[in-house]
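Protein sequence lines correspond, in order, to chains A and B.
Heads up: the first sequence begins at 1 in my numbering, then just goes up one per residue.
Heads up: the second sequence begins at 1 in my numbering, then just goes up one per residue.
The hints are simulated quantities; they were obtained by calculation from the structure and are not laboratory data.
Be aware that one or more of the hints could be misleading.
Any copy, or any two copies together, can satisfy a pair, since identical chains are not distinguished.
As the list claims (entries may be wrong) - Straight-line distance between alpha carbons at most 25 Å, and here's what the computed DMTMM-like set of lysine to aspartate or glutamate pairs gives: (1) Lys209 x Glu260; (2) Lys112 x Glu260; (3) Lys218 x Asp151; (4) Lys35 x Glu108; (5) Lys137 x Glu104; (6) Lys299 x Asp20; (7) Lys19 x Asp40; (8) Lys92 x Asp40; (9) Lys35 x Asp20; (10) Lys313 x Glu108; (11) Lys72 x Asp151; (12) Lys312 x Glu260; (13) Lys35 x Asp310; (14) Lys209 x Asp229.
2 protein chains.
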Amino acid sequence: MNQKIPRYEDILIACNKIKDYVHQTPVLQSGSINKLLGCDLFFKCENFQKVGAFKFRGACNAVFSLSEEQAKNGVATHSSGNHAAALALAAKLRGIPSYIVMPENSPEIKKKAVKGYRAEITYCKPTLEARESELEKIVKKTGAAFIHPYDNFQVISGQGTAAKELVEKYPSLDTVIAPVGGGGLLSGTATWVKSYNNEIEVIAAEPEKADDAYRSFKSGILQPSLNPDTIADGLLTSLSEMTFSIIREKVDDIITVSEETIVKAMRIIWERMKIIIEPSSAVALGAVMEKPDRFANKKVGIILSGGNVDLKKLPF
Amino acid sequence: MNQKIPRYEDILIACNKIKDYVHQTPVLQSGSINKLLGCDLFFKCENFQKVGAFKFRGACNAVFSLSEEQAKNGVATHSSGNHAAALALAAKLRGIPSYIVMPENSPEIKKKAVKGYRAEITYCKPTLEARESELEKIVKKTGAAFIHPYDNFQVISGQGTAAKELVEKYPSLDTVIAPVGGGGLLSGTATWVKSYNNEIEVIAAEPEKADDAYRSFKSGILQPSLNPDTIADGLLTSLSEMTFSIIREKVDDIITVSEETIVKAMRIIWERMKIIIEPSSAVALGAVMEKPDRFANKKVGIILSGGNVDLKKLPF
Chain A
1 MNQKIPRYED ILIACNKIKD YVHQTPVLQS GSINKLLGCD LFFKCENFQK VGAFKFRGAC
61 NAVFSLSEEQ AKNGVATHSS GNHAAALALA AKLRGIPSYI VMPENSPEIK KKAVKGYRAE
121 ITYCKPTLEA RESELEKIVK KTGAAFIHPY DNFQVISGQG TAAKELVEKY PSLDTVIAPV
181 GGGGLLSGTA TWVKSYNNEI EVIAAEPEKA DDAYRSFKSG ILQPSLNPDT IADGLLTSLS
241 EMTFSIIREK VDDIITVSEE TIVKAMRIIW ERMKIIIEPS SAVALGAVME KPDRFANKKV
301 GIILSGGNVD LKKLPF
Chain B
1 MNQKIPRYED ILIACNKIKD YVHQTPVLQS GSINKLLGCD LFFKCENFQK VGAFKFRGAC
61 NAVFSLSEEQ AKNGVATHSS GNHAAALALA AKLRGIPSYI VMPENSPEIK KKAVKGYRAE
121 ITYCKPTLEA RESELEKIVK KTGAAFIHPY DNFQVISGQG TAAKELVEKY PSLDTVIAPV
181 GGGGLLSGTA TWVKSYNNEI EVIAAEPEKA DDAYRSFKSG ILQPSLNPDT IADGLLTSLS
241 EMTFSIIREK VDDIITVSEE TIVKAMRIIW ERMKIIIEPS SAVALGAVME KPDRFANKKV
301 GIILSGGNVD LKKLPF
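Only chain A is shown next, with the shape it has when bound in the complex (with noise of 0.2 Å):
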């Protein structure tokens, strides 16, 4: 492993780059779920995020970290949702056009968005192969510059943000949780904490059902994703070299959440907040609700990374 990978500098340089176009989205506490869970969570909502979820900041920053050269034909990617709304929007801020490949599944609300903001969209069979051969066809015709969801230094950079904005908020706190699916967010949070305070425990979210990430951190090789099945379709993707290597190295742990906890963390959520996050959000609280003593009486940083979900297919 040779890739240059992010540093803390990096994150900073992002957070600079992308300060006017980000939502500093808020940090909400509940005194209903800490009773209930016996600890005490800060959640940094970024389902206020613009376009609904964190990926904005890492889209943003990969699209204005482009030289005038690179940008001038648009950029490229395939992406399930939200980070091709991200995209789009990003694009459409630095005034360049934007080609996303879709699954041809993805959630409407998600391709409704995407749609909005003016992306030319091709849609794909739901296969990671699909989606890497119209990407590359695209690319070939239009010579935009892809932007990996997630594979890609600037998008780590910054997802970083988020993480920064909530831990020199609450420098006390004892933990941050983070979900994983390609590893973007995870990696860019576990940069900047453990370079900030590296006694804060940075700790992952992930669904039994798509463990990649999990069975990679156990065993020290980078495992593929084996037909992963989650309500938490932001995390179906597997990590990539580099977000592998950042995370063996800087996350203290992985937790598995069942998909019946992820189901009831997002429930409370929507109960007790009255704030709307999508599955993937709910792994993160899942992570401290299947395993309450390890967070008895901690302060626990949790990220809520979108709250885009399809209102005509709620699990409740």
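Given chain A, work out where chain B should sit, using these hints.
Same frame as chain A, but now just chain B:
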């Protein structure tokens, strides 16, 4: 009408009395909803209030305004939901018992909440007569003080504190819109806003299918509620002599909102703002959607009254 009605000073006193118990709820804005409707909206988020509704302000002020002697046998009320939970929690905080008469068809989530605050619940048929006669029996038996959901000086004074927080934060608002059911929130809002700055317009929003306040306001004679039938289950009640007298004097207009627009407004807030509001709260934004020209380019404060919805019975 020789009944004493709340003034500006009474709301200041209420504010001081309840400040250690209530949340100073946030005021949120949404760039995308502003763009959609062509005005500048400021949402006062009482859905984040304790018990999930503004009702806690009034109940809290009423309970903590009782003398030791008046409070010693506890408090009682009849309510379909939010006032019940609010009174139960306020009583619990003061350490006195609460007795609640609830219609048997009240939403499950509201029954659960009231039980959670250790109130003694009596269920009754869903008519005003049944509610009142059950309550009378309980008051007779226990000696508890009856706290009416809205026809109560201290309750109205407490409800006015939400508008106080909103307008003190954004003094340049052109208009404040509150939903109207029994008129407690609207009376408190109008009392405070009009004394603070008579130039700020106060508008009520009411479901078309529960339009007794509209008919009363337009005719100048208190009209009963006739078979109200709306998804906005917090707005089924009729004005009282007291709330009607305040509303006649201080409210600028009442706008009625169709069921279709209520659901649309609710959905827009859920999808764009990622927060959970109940249908009664959506009526206020619905008023803007019914009359967009009237609010074009104006700064409009919207009181989002509560966020208690049964997730199994969503209208989407």
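* Please name the hints from earlier in the document that this structure breaks, with their numbers sorted from lowest to highest. => none
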